[in-house]
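Sequence lines, in order, name chains A and B.
Numbering-wise (my numbering), the first sequence opens with residue 1 and increments by one.
Numbering-wise (my numbering), the second sequence opens with residue 195 and increments by one.
If you're looking for bench data, these hints aren't it; they were derived computationally from the structure.
All residues carry an ideal CB built from backbone N, CA and C; glycine is no exception.
Be aware that one or more of the hints could be misleading.
Claimed, not checked - Calculated from the model, a selection of chain A residues having no Cβ within reach of chain B, i.e. all distances over 12 Å: (1) Phe16; (2) Cys23; (3) Thr25; (4) Ala52; (5) Ser55; (6) Arg57; (7) Lys81; (8) Leu82; (9) Tyr98; (10) Asn105; (11) Val121; (12) Leu125; (13) Glu158; (14) Lys189.
As the list claims (entries may be wrong) - Not everything, but these chain A residues come out facing chain B in the computed CB check (under 8 Å): (15) Val19; (16) Met22; (17) Ala27; (18) Thr30; (19) Ala67; (20) Ala74; (21) Thr78; (22) Pro89; (23) Thr93; (24) Pro100; (25) Leu101; (26) Ala174; (27) Ile178; (28) Ser181; (29) Val184.
As the list claims (entries may be wrong) - Label pairs and their in silico Cβ distance ranges: (30) Lys118/A with Arg361/B: 28 to 36 Å; (31) Glu12/A with Tyr288/B: 33 to 41 Å; (32) Trp163/A with Pro301/B: 45 to 53 Å; (33) Leu56/A with Pro301/B: 17 to 25 Å; (34) Tyr288/B with Val157/A: 55 to 63 Å.
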Amino acid sequence: MLKDFVKGIWRENPVFVQVLGMCPTLAVTTSLINGLSMGLATTFVLIASGLAISSLRKVIPDQVRIASFMIIIASFVTVVKLLFEAHIPTISTQLGPYLPLIVTNCIILGRQEAFASKEPVSRSLMDALGMGLGFAFALVVLGSVRELFYQGTIADVEILGSWYKSMIIMVQPAGAFISLSILVALFKKLSSRG
Amino acid sequence: MELFFIFVAIVLTQNFVLHYFLGICPFLGVSDEMEAAFGMGIATTFVMTLTAIITWNINTFILEGFGVQFLEYVSFILVIASLVQLVEMFLKKYVPELYKTLGIYLPLITTNCAVMGLALFMVLRDYNFVQSAIFGFGAGVGFTLALIIMAGIRSELMEEAIPEPFRGTGITLLTAGLLALAFMGFSGLVPV
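Extracted from the complex, chain B is given alone in its bound form (with noise of 0.2 Å):
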């Protein structure tokens, strides 16, 4: 049950862009292609999830086992750019079609606050093995969410008559400020 809490808390409640602000880059970016943002949804809960299982036991057993905690952010910044590397020689081999969509995105998850502030949330809640892979899944899964929302509401936004000033950023965070107003709905639905 406490595993269900977790994730329905990281999708809905907590999500990572419209509650914690991370991986607002990416959200903004976004084109109002319903597909690219699926696909750049799913690769990064993919490099996520892996981000929470690898840390999870860096942190554990080098980290803390060897009292090296200072080289927290090194490590998990290293972590991270290598997964991304490496999700990305694994598409161009198997899945060029999504290669070639996601190409320009791909390096762009280095610097994406989700996947590092995922690794920093999941040492400051001291989460276990099981725990950690199941937020790093859910955080994923609600990130997505968040892009697909977007995408979809920015494809209706094209064909409206904005304010010149609000065109391009201002509409994106004004509709984002929005989205965060109706996820606050959803609070309630996870004890605290």
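One chain only, chain A, in its complex shape (with noise of 0.2 Å):
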């Protein structure tokens, strides 16, 4: 049970190691805080679906499996907007069209497909939980890596000091191509050692 939360974060990082859900990975990581929500609400969806279709797993058909899946994980990302924007507004407007972008984030479904759709709840959960939080986890670490070296801070404390100038395309696309390329190649280097 351990092992299915723990894969997650290390081992099978979704986007270190598995390369998935990209789109979101790239787009909104251009602060900690920003990588920080988006990882979160993603991780509720995770779980959320994750319960939803590991307990009806006897009851849909296989052929229109997909389907119900995209149904039922489009439901749970309308609920994870409508909280954004009515509780924490101004995160939902940086995140924009990114946040009901979380339907289309291949690691909920591909999660759905390998794992929830065959494993009872309890382990499904787990698994979420930890697809989930390595998410998180990768783009806080992308988040942070742009945003310092965009103007010197992290979560808007200041980390470089005042002499410091800013970079702009730390938060261009370019930019978060190139970290994200040096952060994989650092990722593989490091466990590939241990």
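Bring the two chains, given one by one in their own frames, into a single complex with the hints.
See below:
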């Protein structure tokens, strides 16, 4: 049970190892706080849809399973979107269309297809929790790195001091691709040694 | 003229892949074969254009008509999933060679965020019917362009001595970063 949880965070990390869910990973990680909110929103959808699909796994006919999964996921994403809009409207605006795009995040459908539709509820819960937190972890790391090199802060706390000239490329698409590339290579290096 | 700008913007200056990070999964996963990339691009363009046309109608006449906008995501994803199924059946019957090469990619279009993103952006920007259709088609063309460039570069990269940790994903992302940088050169082509 614990194994189901841990594997998502390191050995099968959805972003660094499986390279899934790239759109939100690259698009919203301009700062730590954005990355974190996206990560937690995705974790919630993963857990909720994992629980729903795992409990319904004997009822859903095999032929229409993908369509059924998509509808279940889309409903939970709607819930998240409405909650964000009501309680944290500033973050909701910053994430823009990427928040509803959780629907098409391959991690979510991938976990349902590979895990929740076959395994009992308790194991699916641990799997969803691990994968979700692994995803959030990756987003937080990438968000911190980009924010740090963009304006020398992490979560709006000054780290590098006032001498640092802001580097606008880090919040632009090119900076996103390049920093993720370096992080993926670094992750590979670290995990191959251990 | 305005329609022309919408088209140029979505193909070059605000390319879905290199500017909005939509459709990254097939972009990174695509093989180094030009033909497969081209086929995938055409299939996606087709689905995107149809999605734009159909979701515009659904959004205007059903969702806004009855004031049930909260059903937006559920209905959009249903439209996309059924369209992909349709394209799959069509290809299987009429272009079996293409179906064989694309077989595994096709179901992936359903979770291609570019298609869903297209529908969401359209609603967000309040496009009218013609604008939406152009936007959808242009997004597909831009996606195809990015995919083909990437496939070309990757087939060249096969021969290179790449440092071990960068093999695979690392070098692909780095290439994408440089491509995004190059595409930034197009900004200014379209008045904002």
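Structure-based check of each hint:
Not every C-beta of chain B lies more than 12 Å from that of phenylalanine 16/A, the closest at about 9 Å, which undercuts listing it as non-interface. With a minimum CB-CB distance of about 4 Å to chain B, cysteine 23/A fails to clear the 12 Å threshold, and the non-interface call is violated. Annotated as non-interface, threonine 25/A brings its C-beta within 12 Å of a C-beta of chain B; the closest such distance is 8 Å. In this structure alanine 52/A is separated from chain B by more than 12 Å, as the shortest Cβ-Cβ distance comes to about 14 Å.
Every CB of chain B is more than 12 Å from the CB of serine 55/A (nearest about 20 Å), matching its label as outside the interface. Chain B leaves arginine 57/A outside its interface by the beta-carbon criterion, the shortest separation being 19 Å against a cut-off of 12 Å. Against the 12 Å criterion, lysine 81/A falls within the reach of chain B, whose nearest CB is about 8 Å from its own CB. The beta carbon of leucine 82/A sits about 7 Å from the closest Cβ of chain B, which is not more than 12 Å, so the claim that it is off the interface is violated.
The claim that tyrosine 98/A is not at the interface with chain B is violated, since a C-beta of that chain comes within 12 Å of its own (minimum 8 Å). Against the 12 Å criterion, asparagine 105/A falls within the reach of chain B, whose nearest CB is about 7 Å from its own CB. Every CB of chain B is more than 12 Å from the CB of valine 121/A (nearest about 24 Å), matching its label as outside the interface. Distance check for leucine 125/A against chain B: the nearest CB is about 23 Å away, which clears 12 Å, and the non-interface claim stands.
With a closest Cβ-Cβ approach of about 27 Å to chain B, glutamate 158/A is found to remain outside the 12 Å limit, as its non-interface label requires. The claim that lysine 189/A is not at the interface with chain B is violated, since a C-beta of that chain comes within 12 Å of its own (minimum 4 Å). Checking valine 19/A against chain B: minimum C-beta separation of about 5 Å stays under 8 Å; hint holds. A cut of 8 Å between beta carbons decides the hint on methionine 22/A: the least distance to chain B is about 4 Å, and the hint holds.
Taken as an interface hint, alanine 27/A checks out: its beta carbon lies about 4 Å from the nearest beta carbon of chain B, inside 8 Å. With a cut of 8 Å, the hint placing threonine 30/A at the interface with chain B is violated, because the nearest CB-to-CB distance is about 12 Å. The interface hint given for alanine 67/A is met, as the beta carbon of that residue sits about 5 Å from the closest beta carbon of chain B, less than 8 Å. About 4 Å separates the beta-carbon of alanine 74/A from the nearest beta-carbon of chain B, less than 8 Å, and the hint is met.
Restraint check, threonine 78/A versus chain B: the minimum CB separation of about 5 Å is within 8 Å; hint holds. Proximity of proline 89/A to chain B is violated relative to the hint, the smallest CB-CB distance being about 16 Å (cut-off 8 Å). The restraint placing threonine 93/A at the interface with chain B is violated, with a minimum CB-CB distance near 11 Å, outside the 8 Å limit. A cut of 8 Å between beta carbons decides the hint on proline 100/A: the least distance to chain B is about 5 Å, and the hint holds.
Hint status for leucine 101/A: holds, given a least beta-carbon distance of 5 Å to chain B, under 8 Å. At its closest, the beta carbon of alanine 174/A sits 4 Å from a beta carbon of chain B; the interface hint therefore holds under the 8 Å criterion. Taking 8 Å as the C-beta cut-off, the interface hint given for isoleucine 178/A holds, the closest approach to chain B being about 4 Å. The criterion of a C-beta within 8 Å of any C-beta in chain B is met by serine 181/A, whose closest approach is roughly 4 Å, and the hint holds.
Look at valine 184/A: its Cβ gets to within about 5 Å of chain B, closer than 8 Å, so that hint holds up. At about 32 Å, the CB distance of lysine 118/A to arginine 361/B agrees with the hint of 28 to 36 Å. Between glutamate 12/A and tyrosine 288/B the CB atoms are about 40 Å apart, so this pair conforms to the stated range of 33 to 41 Å. For tryptophan 163/A paired with proline 301/B, a C-beta distance near 52 Å keeps the hint of 45 to 53 Å intact.
Distance hint check: the CB atoms of leucine 56/A and proline 301/B are about 21 Å apart, consistent with the given range 17 to 25 Å. Restraint check, tyrosine 288/B to valine 157/A: a C-beta distance of roughly 60 Å satisfies the suggested window 55 to 63 Å.
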